[in-house]
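Numbering (the working numbering), first residue to last: 1 to 94.
Treat the hints as calculated values from the structure; they're not laboratory data. Do not rely on the hints blindly, as some may be mistaken.
Claimed, not checked - Cut-off 25 Å, straight-line C-alpha distance, at most; resulting in silico cross-link-like pairs (DMTMM-like, lysine to aspartate or glutamate):
id : residue 1 : residue 2
1  : 10        : 60
2  : 17        : 32
3  : 17        : 31
4  : 47        : 59
5  : 56        : 8
6  : 9         : 60
7  : 56        : 80
8  : 17        : 59
This one's a predicted model, so the numbers in the text were calculated from it and none came from an experiment.
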Amino acid sequence: MNSIQANEKKNLILRLKRLEGQIRGLQRMVEEDKYCVDILTQIVAAKGALQKVGLKILDDHMHGCVQRAMKEDDIENNEEIINELMTLLAKFSS
1 MNSIQANEKK NLILRLKRLE GQIRGLQRMV EEDKYCVDIL TQIVAAKGAL QKVGLKILDD
61 HMHGCVQRAM KEDDIENNEE IINELMTLLA KFSS
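Hey, can you work out the whole structure from these sequences and the hints?
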C-alpha cells in the first residue's frame, strides 16, 4: 500500500522531472567537455535533490504504511516491519 497523497505525488513527480532535466544537462556537459569541477558540482546538486525526494517518500512511508502496520498489534508483524525499515535505512544511507 502506498502512503503518498495525491497532492504530494504531484509535487514529487515535478521534482523528479526537474531531476530528469538535471541529469540530461549533466550528459550534455560531459558530451561538450565542460570543466570537470562544473560537472561535479552539478552531480552534487542532483544527488542532493534526489536525496530530498527519497527523504520525502521515506517520511510518507513512516507516517503512513509503517504507522498503520504497527497499530495492528501483531508482534511478529511489527518485528518484520522494523527489520524491513532498518534494511531500507541502511540502503538509503549508503
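Structure-based check of each hint:
1. 10 to 60: Roughly 14 Å separates the two Cα atoms, so the pair holds.
2. 17 to 32: Holds, because 23 Å separates the two Cα atoms, which is no more than 25 Å.
3. 17 to 31: Cα-Cα ~21 Å, so holds.
4. 47 to 59: With a Cα-Cα distance of about 18 Å, the restraint between residue 47 and residue 59 holds, given a limit of 25 Å.
5. 56 to 8: 9 Å, holds
6. 9 to 60: 10 Å, holds
7. 56 to 80: Roughly 22 Å separates the two Cα atoms, so the pair holds.
8. 17 to 59: Judged against 25 Å, a Cα distance of about 20 Å means the pair holds.
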